[in-house]
Amino acid sequence: MEIAKTNKFLVVAVTLLFFTLSFLGISHHELWLDEAHHWLLARDSNSLVELYRNTRYEGHPILWNVLTYLLSRFSTNPWWMQLTHIVISSTAVFIFLKYTPFKIWFKLLFIFGYFTLYEYNIISRNYALGLLFFFWAVSYFPSRSSKTIGISILLAFLCNTHAIFCIPAISYMFILIWEQLKTPHKKKLIISSIVFAAGAFLAFYQIIPPQDTNFFEKNEAVPIANRVAKSIYPFFKSVFVIPNVNSSHFWNSHILFDYNKMMAFGLACLSLITPLFLFWRNRILLSFMYLGIKGSFIFFFFTQLSAMRYFGVLYIMLIGTLWMQHYFKEAKTPSFPFIGENSFLKLKSILITTILLLQFGAGVFAYGMDLNKPFTNAQQVFSFLEDEKLLQNKIVTNACDGTPMSAYLEEKLFFIRFDSMQSYCNWNRLYQIYGKEQSLSSITASLKKQREAQSKSIIFISYRPLFELTKEGVLQNLGKNLNVQLLKKFEESIVPKGTYYIYEIDH
1 MEIAKTNKFL
11 VVAVTLLFFT
21 LSFLGISHHE
31 LWLDEAHHWL
41 LARDSNSLVE
51 LYRNTRYEGH
61 PILWNVLTYL
71 LSRFSTNPWW
81 MQLTHIVISS
91 TAVFIFLKYT
101 PFKIWFKLLF
111 IFGYFTLYEY
121 NIISRNYALG
131 LLFFFWAVSY
141 FPSRSSKTIG
151 ISILLAFLCN
161 THAIFCIPAI
171 SYMFILIWEQ
181 LKTPHKKKLI
191 ISSIVFAAGA
201 FLAFYQIIPP
211 QDTNFFEKNE
221 AVPIANRVAK
231 SIYPFFKSVF
241 VIPNVNSSHF
251 WNSHILFDYN
261 KMMAFGLACL
271 SLITPLFLFW
281 RNRILLSFMY
291 LGIKGSFIFF
301 FFTQLSAMRY
311 FGVLYIMLIG
321 TLWMQHYFKE
331 AKTPSFPFIG
341 ENSFLKLKSI
351 LITTILLLQF
361 GAGVFAYGMD
371 LNKPFTNAQQ
381 VFSFLEDEKL
391 LQNKIVTNAC
401 DGTPMSAYLE
411 EKLFFIRFDS
421 MQSYCNWNRL
431 YQIYGKEQSL
441 SSITASLKKQ
451 REAQSKSIIF
461 ISYRPLFELT
471 KEGVLQNLGK
481 NLNVQLLKKF
491 EESIVPKGTY
501 YIYEIDH
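Numbering (our numbering), first residue to last: 1 to 507.
Because the hints were derived from the structure by calculation, they are not lab data. Hints should not be assumed to be uniformly reliable.
For lysine-lysine, the following DSS-like pairs were computed, each having C-alpha atoms within a straight-line distance of at most 27 Å [as the list claims (entries may be wrong)]:
no. : residue 1 : residue 2
1   : Lys389    : Lys412
2   : Lys261    : Lys294
3   : Lys98     : Lys8
4   : Lys186    : Lys147
5   : Lys147    : Lys98
6   : Lys412    : Lys147
7   : Lys103    : Lys389
8   : Lys389    : Lys230
9   : Lys329    : Lys348
10  : Lys488    : Lys373
11  : Lys497    : Lys373
The whole structure should be built from the sequences, with the hints applied where relevant.
And the structure:
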């Protein structure tokens, strides 16, 4: 099969364009809870040992946190995390452009698609590392028999980026073992298997949380049928990305599921034959994709996670499988049942092009929305407090709704839920959001301490309109000798919990 090659100048030029757009994107992107949370885990850990202890409830391998920990030793400004993140994603794009056998139109539609341009790029999380190690490993696929150990090292690192990336890592390792079991010299395969097993074990050891985690409790009451259904649609949502363009909260949405869940679920079930159609002639690649789909089914059945960032690994696997397909000789078996050769090739081309166009459209839409609308209002809250000279007041939040602000303020806030100065979240059974009465009691106690210290009023920040005040500048006595003034509200954001209400509270 003829392998398409991209001009070296074009590879560099497109990579620079991607980086430039990414830089513009992060310059207009406000951190949300998860981005800030992982940055603060690193910033507020005094050693790598302490960082490991602080991440025990995360359910994530520690690789991204170690990288952000090293960055936070030089600066407490989260912008450096965002910059490092787009450098990682741009490196992954460079590898894709340089080594993939696709035509240039395919490459452009992919790298400016939803996951590559937006979800795994503008939003700073550990997924870009997964993209990098996966593409790096697949780039060695043509010489896999001689570079088995190198690939296994990359797959071991892939496992340690995010729990969901263990799925393509295990599937890829399965291919290597399957193919090389037939060779007489297995020493290299044994070493590779040991290296990969060690990396996978390290990842799983970090992923398993302590017994007092609250992660699985919310899933116990979900009926089995619902859990099965929720485990089926990730492939469809990841490959056929159609965000709800009618909603400002488009992130993690899918227009078909928002308007007709039964029809969308039927299409999700039908979409599972996509790999069968595309890779009918190759048992190895079919096994790779369906191992990934089965692995994702198990993952989502037990976790019940439902965000696009988790689903995206299946789309990345699909692109990786198309990449690998170029290095196999075409089998002479029938193309697909009841479909002639020419019709099969035409339908295959239409399907792949449709997928890429949907991804590209979603990527451009999400990127544009993020430029024009606040992802969250955390940065706007910081700017308001700075402009109004309120940073010298004691800043109080319920709990994790203050985490993004802590990243921008570059210091800890007072979390009334834990009655202490904190920044990142603690995902254990003690974590819960206080209601109005509990918040008032805790705020009263905090104000008492403030009064004894002859300090100023406190600034209370919540992502909910906790005190039901509708006008800025209105004073209201809520009992307990508390006066509350709504200073500002920020209600328009892409993330539903990216809204913020700023109150000044005193006696």
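Now the hints, each set against the structure:
Distance restraint check for Lys389 and Lys412: the Cα-Cα separation of roughly 18 Å lies within the 27 Å cut-off, and the hinted pair is therefore satisfied. Note on Lys261 and Lys294: the hinted pairing holds, with a Cα-Cα distance of about 22 Å set against a maximum of 27 Å. The straight-line distance between the Cα atoms of Lys98 and Lys8 is roughly 7 Å, inside the 27 Å bound, and the hint therefore holds. Our distance criterion of 27 Å between C-alpha atoms is met by Lys186 and Lys147, whose separation comes to about 13 Å.
Proximity of Lys147 to Lys98 is assessed by CA-CA distance (about 19 Å); at most 27 Å being required, the pair is judged to hold. The straight-line distance between the Cα atoms of Lys412 and Lys147 is roughly 47 Å, outside the 27 Å bound, and the hint therefore fails. At most 27 Å may separate the alpha-carbon atoms for a hinted pair to count; Lys103 and Lys389 exceed this at roughly 55 Å. The straight-line distance between the Cα atoms of Lys389 and Lys230 is roughly 48 Å, outside the 27 Å bound, and the hint therefore fails.
Straight-line distance between C-alpha atoms of Lys329 and Lys348 comes to about 17 Å, which keeps the hinted pair within the 27 Å bound. Restraint check for Lys488 and Lys373: the C-alpha separation of about 18 Å stays at or below 27 Å, so the hint holds. With a C-alpha separation of about 14 Å, the suggested pair Lys497 and Lys373 falls inside the 27 Å cut-off, and the hint holds.
Comparing the model with each numbered hint stated earlier shows that hints 6, 7, 8 do not hold.
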